[in-house]
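4 protein chains.
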Amino acid sequence: MNSEPRVTVWNEYRHEQSHPAVAAVYPQGIHAAIAEGLRRNGLTHVRTATLDEPEQGLSAAVLAETDVLTWWGHMAHGDVTDATVQRVRERVWDGMGLIVLHSGHYSKIFKALMGTPCELYWREADDHERIWVVDPGHPIAAGLPNHIEVGPEEMYGEHFDVPAPDHLVFISWFSGGEVFRSGCCYTRGSGKIFYFRPGHETYPTYFHADVRRVIANAARWAAPAGGPPPTPRPSDRPVPPLEPMSGY
Amino acid sequence: MNSEPRVTVWNEYRHEQSHPAVAAVYPQGIHAAIAEGLRRNGLTHVRTATLDEPEQGLSAAVLAETDVLTWWGHMAHGDVTDATVQRVRERVWDGMGLIVLHSGHYSKIFKALMGTPCELYWREADDHERIWVVDPGHPIAAGLPNHIEVGPEEMYGEHFDVPAPDHLVFISWFSGGEVFRSGCCYTRGSGKIFYFRPGHETYPTYFHADVRRVIANAARWAAPAGGPPPTPRPSDRPVPPLEPMSGY
Amino acid sequence: MNSEPRVTVWNEYRHEQSHPAVAAVYPQGIHAAIAEGLRRNGLTHVRTATLDEPEQGLSAAVLAETDVLTWWGHMAHGDVTDATVQRVRERVWDGMGLIVLHSGHYSKIFKALMGTPCELYWREADDHERIWVVDPGHPIAAGLPNHIEVGPEEMYGEHFDVPAPDHLVFISWFSGGEVFRSGCCYTRGSGKIFYFRPGHETYPTYFHADVRRVIANAARWAAPAGGPPPTPRPSDRPVPPLEPMSGY
Amino acid sequence: MNSEPRVTVWNEYRHEQSHPAVAAVYPQGIHAAIAEGLRRNGLTHVRTATLDEPEQGLSAAVLAETDVLTWWGHMAHGDVTDATVQRVRERVWDGMGLIVLHSGHYSKIFKALMGTPCELYWREADDHERIWVVDPGHPIAAGLPNHIEVGPEEMYGEHFDVPAPDHLVFISWFSGGEVFRSGCCYTRGSGKIFYFRPGHETYPTYFHADVRRVIANAARWAAPAGGPPPTPRPSDRPVPPLEPMSGY
Chain V
665 MNSEPRVTVW
675 NEYRHEQSHP
685 AVAAVYPQGI
695 HAAIAEGLRR
705 NGLTHVRTAT
715 LDEPEQGLSA
725 AVLAETDVLT
735 WWGHMAHGDV
745 TDATVQRVRE
755 RVWDGMGLIV
765 LHSGHYSKIF
775 KALMGTPCEL
785 YWREADDHER
795 IWVVDPGHPI
805 AAGLPNHIEV
815 GPEEMYGEHF
825 DVPAPDHLVF
835 ISWFSGGEVF
845 RSGCCYTRGS
855 GKIFYFRPGH
865 ETYPTYFHAD
875 VRRVIANAAR
885 WAAPAGGPPP
895 TPRPSDRPVP
905 PLEPMSGY
Chain F
665 MNSEPRVTVW
675 NEYRHEQSHP
685 AVAAVYPQGI
695 HAAIAEGLRR
705 NGLTHVRTAT
715 LDEPEQGLSA
725 AVLAETDVLT
735 WWGHMAHGDV
745 TDATVQRVRE
755 RVWDGMGLIV
765 LHSGHYSKIF
775 KALMGTPCEL
785 YWREADDHER
795 IWVVDPGHPI
805 AAGLPNHIEV
815 GPEEMYGEHF
825 DVPAPDHLVF
835 ISWFSGGEVF
845 RSGCCYTRGS
855 GKIFYFRPGH
865 ETYPTYFHAD
875 VRRVIANAAR
885 WAAPAGGPPP
895 TPRPSDRPVP
905 PLEPMSGY
Chain C
665 MNSEPRVTVW
675 NEYRHEQSHP
685 AVAAVYPQGI
695 HAAIAEGLRR
705 NGLTHVRTAT
715 LDEPEQGLSA
725 AVLAETDVLT
735 WWGHMAHGDV
745 TDATVQRVRE
755 RVWDGMGLIV
765 LHSGHYSKIF
775 KALMGTPCEL
785 YWREADDHER
795 IWVVDPGHPI
805 AAGLPNHIEV
815 GPEEMYGEHF
825 DVPAPDHLVF
835 ISWFSGGEVF
845 RSGCCYTRGS
855 GKIFYFRPGH
865 ETYPTYFHAD
875 VRRVIANAAR
885 WAAPAGGPPP
895 TPRPSDRPVP
905 PLEPMSGY
Chain P
665 MNSEPRVTVW
675 NEYRHEQSHP
685 AVAAVYPQGI
695 HAAIAEGLRR
705 NGLTHVRTAT
715 LDEPEQGLSA
725 AVLAETDVLT
735 WWGHMAHGDV
745 TDATVQRVRE
755 RVWDGMGLIV
765 LHSGHYSKIF
775 KALMGTPCEL
785 YWREADDHER
795 IWVVDPGHPI
805 AAGLPNHIEV
815 GPEEMYGEHF
825 DVPAPDHLVF
835 ISWFSGGEVF
845 RSGCCYTRGS
855 GKIFYFRPGH
865 ETYPTYFHAD
875 VRRVIANAAR
885 WAAPAGGPPP
895 TPRPSDRPVP
905 PLEPMSGY
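Chains as they are written, first to last, in this note's numbering: chain V, 665 to 912; chain F, 665 to 912; chain C, 665 to 912; chain P, 665 to 912.
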């Protein structure tokens with residue numbers, strides 16, 4: 665628990681290579697900006713991985729060395745293979761943390777872990793976004809002011825079709841008239857999951873100091889806790905009584 | 665909300681036809697015993713459906729007329745088609761209630777809605793089961809004593825690999841030394857889901873008055889509430905600002 | 665569960681008699697407007713009670729005949745006696761529903777049941793309030809659109825210092841830049857509690873059809889469920905083993 | 665977050681001085697055994713305090729230097745002054761962690777923070793207690809097996825009249841036929857609270873390695889997270905709009 669978690673920052677990395685407007689904001693890719701933010705917040709084991717690398721950047725070997733995975737995807741959700749999704753999902757069940765960012769709400773892996781459509785309303789219109797802390801005692805709120813002034817962003821509005829989070833840490837306000845549950849904590853198997861809303865590819869949101877602080881806090885919070893192993897899979901055999909049966 | 669929900673009691677209905685010991689307990693099938701229990705508790709719109717019927721008993725027409733679906737399956741989980749699972753899942757998202765019974769914890773539909781392996785420990789050894797009420801104010805506990813004396817049953821033990829329930833209504837005690845979260849409430853989309861543990865095919869559990877009361881209470885609790893429709897699927901277009909943008 | 669709950673609408677009833685601006689909005693008192701809204705939504709057993717009545721309108725006899733109590737107070741929280749608070753609290757623990765409205769967040773009874781300061785930020789500046797449904801499957805959202813257009817209201821902003829709600833049904837958006845968890849469900853003992861934000865005394869909010877619908881839905885949701893009695897109080901003696909001790 | 669929290673182990677310390685049977689088990693007092701267990705698990709800033717010390721061992725100065733307070737009380741709950749309760753409660757609201765042990769369920773401070781009677785069923789009959797982990801990914805389960813074999817203990821049974829915990833980490837099994845929610849997490853204000861069941865004064869439970877591990881894990885989990893300060897108390901004035909009002 666005391667050593668820093670090993671974080672793999674995964675990015676689809678397509679917009680940056682196909683859309684000059686995005687490349688202008690993230691010349692090294694969104695993953696580079698996120699990784700830099702983690703390092704500046706003291707995370708000492710940070711690597712990146714992208715969709716077009718072998719095994720989509722997420723081989724069993726890479727996942728085995730990953731305590732927390734951050735996920736950014738948007739235009740290529742459909743290119744992520746079911747095999748990749750299954751490898752990631754099983755690692756989450758076994759304890760790996762997963763931080764899903766912005767349009768990752770619609771990724772195969774997030775939908776597979778939530779069990780819901782994960783739909784929402786959205787609008788690209790330079791709404792002003794402000795993110796309010798609604799659980800100031802939560803580790804993910806460490807070092808933050810009572811709200812984060814994000815500035816212009818894509819709007820995401822309710823109803824966000826996810827299960828009620830185990831903890832709701834943030835709620836976004838948008839100038840166009842909407843609200844959104846922006847910081848949602850879940851557990852699946854032994855793995856902790858955090859969904860964090862901001863980060864549309866055309867805005868420099870991942871350079872924002874408070875946004876970076878949130879992602880770093882989430883990486884520490886989501887690191888494997890070291891509890892007992894999850895139930896053996898598959899549960900293909902019975903267990904003996906732990907005690908001699910009492911006389912019923 | 666005041667009229668009784670339309671309940672479809674679905675059963676795999678294989679053990680009863682292949683295992684004389686099960687047929688001896690449930691000569692008309694587990695579904696018949698569950699349906700009778702619902703009717704005796706005042707549910708007035710109860711039908712049954714089984715796996716070997718056309719469209720596996722769960723056609724779009726049947727689902728469209730179902731407010732709450734109860735699910736019992738065990739030896740044939742693998743025979744339920746992905747198409748059936750998808751039809752049921754979308755109806756749940758749109759508001760249909762789902763009551764998953766006993767070994768249904770390992771069904772495709774339950775795993776798809778939970779996003780976890782749904783594994784557990786188990787033992788067939790005539791453990792004595794007692795189910796304790798831990799949320800006496802919950803509608804599913806209506807009319808119950810502070811615990812249900814089930815008697816001999818198959819043991820299910822923790823860790824039960826599901827998401828933490830939105831409400832935990834029951835916890836089981838087993839004489840062999842285990843406990844189990846036996847009554848778990850969830851919401852997925854607009855649909856309410858209740859998992860209820862007891863009901864191994866070789867025990868007459870679905871004739872137990874308190875067990876029947878729980879299933880009837882759950883059917884009323886899980887009926888569609890009539891709220892706003894869920895977010896349109898797919899969310900394939902932006903929404904206009906609900907208000908003229910303020911001057912940021 | 666099928667018959668309509670007996671609702672007592674309690675109001676401090678001071679502003680209406682001391683502030684002409686409030687009397688102009690609620691000439692018969694806030695309680696009259698709330699009671700009318702409940703009746704128009706089909707509640708058939710609705711009475712009102714106010715602070716300056718004998719026993720502060722909440723005698724043991726009145727409470728014994730009350731399934732759900734709605735609470736509006738603001739300027740006279742300090743005048744509510746500890747004896748009244750204790751009578752109400754014990755009835756909640758025994759199963760009575762409690763709906764706390766607007767400035768009731770700062771009432772003795774709400775703070776005693778929450779265990780927190782129940783503070784918030786506020787502003788009287790005719791902010792525009794819009795209330796978003798974030799749990800469309802919840803009974804309290806029955807019959808609502810995906811958001812309620814309240815219009816000008818007093819602003820309440822986060823952090824709202826309450827325990828994380830068991831269910832969060834609504835989130836408010838305010839034009840001045842804040843958000844607020846506007847519809848919060850809790851259980852204390854066997855009693856259900858719903859906090860609902862809108863209703864400052866200088867605005868005609870309790871005449872709003874959707875606001876009235878919410879309060880009526882909440883009254884039905886909060887009605888006693890009829891489960892097993894709570895643990896005897898005081899627990900002044902041991903219980904015998906429910907089974908002969910096994911041989912440990 | 666990285667440095668070890670400052671823990672104050674508070675004990676009523678009456679049984680040990682008045683009951684030889686208890687003194688035989690805890691010759692230096694229950695607090696000494698708990699403090700030793702924390703130190704053996706790597707906590708480096710551990711102090712003890714008892715009821716009969718000045719200001720009941722919990723002066724403003726002591727509390728100001730306390731990140732996490734552990735509480736054991738039983739026969740003298742009534743001797744704890746309201747002033748002490750209020751000092752502790754306000755520190756919890758401001759972020760201090762609180763770990764309530766065994767019969768502390770019935771302490772003034774726990775009841776004041778829960779808002780419920782906190783009653784339960786109990787029996788002193790050498791029941792065998794086994795504690796099951798039901799949330800293996802939670803930090804409080806770090807380093808544990810899938811269950812803790814406690815051995816003979818006082819029985820606590822459901823219904824335990826507390827709010828549904830934000831996280832349920834443990835469930836106890838008792839040989840006499842009961843279950844109990846043994847590890848319950850809450851947040852009040854910015855402070856985290858953990859209730860842990862075992863530890864009757866006549867059993868050597870606080871010398872049990874796994875029980876000690878749980879209390880040490882809980883101390884680390886409950887340490888202040890360093891988030892934004894809670895809402896100012898009292899909220900006696902309005903806040904200005906954070907933005908120029910939009911044009912409603």
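Heads up, some of the hints might be wrong.
No distinction is drawn between identical chains; accordingly, a pair holds when it is met within one copy or between any pair of copies.
[Said to hold, decoys possible] SDA-like mimics (lysine to any residue), calculated; alpha carbons at most 25 Å apart, straight line: (1) 775 - 687; (2) 772 - 708; (3) 775 - 810; (4) 775 - 828.
Just so you know, these hints were derived from the structure itself, not from any lab.
Hint-by-hint comparison with the structure:
1. 775 - 687: neither (28 Å within a copy, 40 Å between copies)
2. 772 - 708: Intra 29 Å, inter 40 Å, cutoff 25 Å: neither.
3. 775 - 810: between (30 Å within a copy, 23 Å between copies)
4. 775 - 828: both (14 Å within a copy, 17 Å between copies)
Violated hints for the displayed structure, listed by number in ascending order: 1, 2.
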